[in-house]
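2 protein chains.
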Amino acid sequence: MEKEKVVIGIDIGGTNTVFGVVDRSGRILAEDSITTSHYDEPEVFVAALYEKIMITIPKIGREVVVLGFGIGAPMGNINKGTIEYPADLPWKGIIPLAEIFSRHTDLPVIVTNDANAAAVGEIIYGGAKGMKNFVVITLGTGLGSGFVVDGKLVYGQDGFAGEIGHTSIRPGMSNRDCGCGRKGCLETYVSATGLKRTVLKILADRLEDSELRRYSFDELDAKKIYEAARRGDILALEAFEHTGAMLGYKLADVVAHTNPEAIFLFGGLALAKELIFEPAQKHMEQNLLYIYRDKVKLLPSELSTHNAAVLGASSLIWSENGE
Amino acid sequence: MEKEKVVIGIDIGGTNTVFGVVDRSGRILAEDSITTSHYDEPEVFVAALYEKIMITIPKIGREVVVLGFGIGAPMGNINKGTIEYPADLPWKGIIPLAEIFSRHTDLPVIVTNDANAAAVGEIIYGGAKGMKNFVVITLGTGLGSGFVVDGKLVYGQDGFAGEIGHTSIRPGMSNRDCGCGRKGCLETYVSATGLKRTVLKILADRLEDSELRRYSFDELDAKKIYEAARRGDILALEAFEHTGAMLGYKLADVVAHTNPEAIFLFGGLALAKELIFEPAQKHMEQNLLYIYRDKVKLLPSELSTHNAAVLGASSLIWSENGE
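Sequences listed follow chains A and B, in order.
First residue of the first sequence? That's 90 in our numbering, and the numbers climb one at a time after it.
First residue of the second sequence? That's 90 in our numbering, and the numbers climb one at a time after it.
Every clue listed holds true.
Straight-line distance between alpha carbons at most 25 Å, and here's what the computed SDA-like set of lysine to any residue pairs gives:
no., chain 1, residue 1, chain 2, residue 2
1, B, Lys141, B, His395
2, B, Lys371, A, Arg271
3, B, Lys141, B, Ser114
4, B, Lys218, A, Asn168
Read the hints as simulated data drawn from the structure, not as lab findings.
The shape of chain A in the complex, shown without the other chains (with noise of 0.2 Å):
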């Protein structure tokens, strides 16, 4: 009998780096972690990642193919197998991670950031099947995007396409520091710390009682502002409007500039449901020009909210197999 062939999908983030064997439909056979921030040196990183690997895939208890090592991480550059720069990572610079990475293994190894990842990942388990033009929204502490035209991801000349967390919502005219060193950039406003900067600045603008007038901005996470809103509290839902609205603006130049079929909101605020896609639904159809009007389905991700981010990256290895 054939031995079943499995991907290994690896999310680098700022405190851990998760990884799973994955198989073909999605399912994750073993997962386990490494904590990032232990870590000063690339090169120690990655070593102490493959053995761990190495250490889980036999936990299977069957004999496996490994076809490849997809890697999503902030920054990721897919053109060339970096890592530049990071903001929340321990490492500077530019990290030649997959370079790094072939050290181990003979296998292919590929690099992205979260958002490409997720964006193949609906493509091959989830959502987007068949799909030929569509975007992913990845919503969590920050706000990422992978673009899809003609079936394929969109690099961009410098693997760089889809930072749309960095467009501005009204140049020039907002205040709110963005950690890229701007201001006013959408991911300010959309996201799990956008949603609570927003909530300040209407406990600021408003008279109206609300229960989180009791929190620091400290205490304060978009999951008590979840709950509170389903609890009516009417400026929780305030924040949750001015949210969508926010995303809602700019998914209408999204729109404008490739005419997907669908978006996909993928992670943490897309739980949120219809306190997010109504607003966002509303004031995207609102600013869209009448040619799309009523086409582009604003949809959540299909991909399993548990590990969706080793699915994403894991499937950057079978999208490359042509599977």
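Starting from the known structure of chain A, fit chain B onto it as the hints suggest.
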């Protein structure tokens, strides 16, 4: 000796439809036009156009082989070969232009919008030879755009990618009506008409003297504003600065979406050279995420200005033939 291959490029405008017989190097060997607005029925228009083309080809004075017909038209849909709800043409609804045209010929007929045609023209005859990722912005009465990703024109799901003229500069914050029914679209600022509207706004806001104060809205045009700016008219210069800034803001979004190698500016306003390029470049760079900075070339189109739209339309056929 093998006969010379040529293609027919057709530019359908609201007033005139211009066409040319074009060789592989982009030389127009013969050209003529018919009056679009004389024809209430697209079938009669196409019959008259086809006849005029057939009369024009022999005027080259030597035998040629026609490979096909490339047609640029407002709201031209390359997927379907249609023109859909064009605002500026005498016909209503969805016009199956390629199908009507094909009643006269068995040769390939390709329909697209002017900006997509300009993008392909830039690859075939212009400055984008060999480029894989670039964008063309057409600046005329309105603003169009054509995206090329990985060497291929981006059509999108419905054939309508690249309508950045109808993205908002500052959603919900502009009172400037757009012909599309919304407010504050990019083309209400960045186009020949947009420049003129900005002049009026500046004349209303400011107290400085300006030679433009002597013109009515109807008398004013981009040429007069350009000439005033060249003579050092402060308010005319300010209008160009503002127009370039608005363009730069949205070019930053273009870069964040598809990470192109270059952006070409094409059409009337682009001829104002540094008056438009300098503020556009400056504000684009200021609004770029650091990974993109100082990498994207902002270039004038290299398509010859005379009948550039005809050249662009004709290039579709060479592109289709893989030449």
